[in-house]
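What follows is the residue order along each chain.
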Amino acid sequence: MLNAFYISSVGLQAQKEQLDTVASNMANLNTAAYKRQSLDFSAVLDRAVPTSADTLPSSMAEARSSRLQRLDFTQGQVHATGRPLDVAISGPGFVSVELGEGLTGYSRLGSLKLNDDGELVLAGGQRLKADVRVPSDATSLGIAADGSVSALLAGDRTPTVLGRIEVAVFTNPEALDYRGEGVYVMREGALDPALVRPGEEGAGQLTAGSLEASNVRMVDEMVALVLMQRVYELNSRVVQVADELMGMSNNLRRN
Amino acid sequence: MSDIFQIAGLGMLQGNQQLEAISLNAAQASQPGYRRQVAVPLSFDKLLGAVPGGHDAASTLVERLVDTKRGAALNTGRPLDLSIEANDLYFALTDGVDTWLTRSGSFRLDANGVLVGQGGLRVVGAQGDVRLPSHDVRVQADGRIEHQGTVVGALQLFRLAPGATLRAGSGALLVATGGLQPAEPNVMRLQAGVLEASNTDPTKEMLGAVKLSRRFEGLSQLVQSYDAALARTIQKLGDL
Chain A
7 MLNAFYISSV GLQAQKEQLD TVASNMANLN TAAYKRQSLD FSAVLDRAVP TSADTLPSSM
67 AEARSSRLQR LDFTQGQVHA TGRPLDVAIS GPGFVSVELG EGLTGYSRLG SLKLNDDGEL
127 VLAGGQRLKA DVRVPSDATS LGIAADGSVS ALLAGDRTPT VLGRIEVAVF TNPEALDYRG
187 EGVYVMREGA LDPALVRPGE EGAGQLTAGS LEASNVRMVD EMVALVLMQR VYELNSRVVQ
247 VADELMGMSN NLRRN
Chain B
259 MSDIFQIAGL GMLQGNQQLE AISLNAAQAS QPGYRRQVAV PLSFDKLLGA VPGGHDAAST
319 LVERLVDTKR GAALNTGRPL DLSIEANDLY FALTDGVDTW LTRSGSFRLD ANGVLVGQGG
379 LRVVGAQGDV RLPSHDVRVQ ADGRIEHQGT VVGALQLFRL APGATLRAGS GALLVATGGL
439 QPAEPNVMRL QAGVLEASNT DPTKEMLGAV KLSRRFEGLS QLVQSYDAAL ARTIQKLGDL
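Going down the list, the protein sequences come from chains A and B. For reference, each letter of the first sequence is one residue, going 7 to 261 in our numbering. For reference, each letter of the second sequence is one residue, going 259 to 498 in our numbering.
Worth flagging that the hints you see were computed from the coordinates, not collected in a lab. Even glycine gets a Cβ: it sits at the ideal position worked out from N, Cα and C. Keep in mind that a hint or two might mislead.
Beyond 10 Å from chain B on every Cβ pair, some chain A residues (computed) [to be verified]: (1) 75; (2) 86; (3) 108; (4) 124; (5) 140; (6) 160; (7) 184; (8) 187; (9) 201; (10) 219; (11) 247.
In the DSSO-like style, the derived pairs of lysine-lysine whose C-alpha atoms are separated by at most 30 Å in a straight line are [as the list claims (entries may be wrong)]: (12) A/135 / A/119; (13) B/462 / B/304; (14) B/327 / A/22; (15) B/469 / A/22; (16) B/469 / B/304; (17) A/22 / B/462; (18) B/494 / B/327; (19) B/494 / B/304.
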């Protein structure tokens, strides 16, 4: 009978995690290039007390260390904004950014800016790992689909290519964790990505003057929210029944 | 004289195990591919006959059967989320030693590019492990996996061997006691981007809980009445 309590509490906890995930997705409905998260229920429930040892797989090491949230890297819709430094990746891949302390982050881009040194940075200030430096007096900055960054330098008639942004392609993007502010980091033990030119070898192209919309689907999140409430209720009813039964068995001898 | 305690005790312990199955179903109501368990009490004559004079509290007093009703289709759009059209076929997951069946086709690639499912267990393909060069693949209806036009692997579905039964395992995993066999190629039909939802039915779980709760209550009343009768008997003996 005590098993029923423990199992139901894991069920309740799973629904609570689902609520957190839904809330995070709904809050980022309009965040550029946001990738929706979904709960991996089997990962949550695998942490529960196993009911019969002979049916539990012997090597569940990955289950214990796996993340609860799964990221969905489905392409978001690309909308034109007209701002030259708004960049979207159309297709698979990420752009590497500097995170400090030697860490590399990966981003699906969004609204880029130039920092004081003329380097391209994300909206959150993280510097792109592209060898591009834009002089302060350059105009008409443009980013082509193949990643080449060009600008019209002072005194020139035609734009000069200043450098190239490369795209990092992962065999398995689910090995990334979301760090916040549109930046993902590699999990320990994950394979390094291949750095390729945008548009080649399966990598997405860069689309300047546009932003990739969030891939959150409002209807799916609303349905998940409603379902979560009712499943939570079901689990709490099971706890109540277990409580009643335990009360009865405790009171078999009243005196 | 202790037979009444034994009988009532068996009934109450069966109720506990049934409650455990209900709680598992409720906890996994949102888990894609989960097949609900039904704990059917074993017949009393079998249980009483097997344990003369007492019983081992840890023994299994119920049979955990699996409800094979098909769950609803969940459209996720992920290329490695798969569902099976036929209701008597399953995916197989292995850790190299044991193999489990599952309806949960929510797969991903591990660090080595091998296709894995729940708990990191490897998916059994037509030729053993399925190793993919990228997550950007398309799974065809017959189980072949294509990457940029070339076939890079193939999945295999399984059915129960004749005479085998299905038992519940951990999470959405099922155990085939009696063996399993690969399905014939002409019945393999998969749908990519779709998952099968849990087939937990809250109504069935609540009805089961209500029934077992009243049965438990009745049996506990029986124990209390019998206990009171014994107390009076002993008191009477003391008066003599």
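**Asked** For this structure, which hints from the list above don't hold up?
**Response** 11, 18, 19
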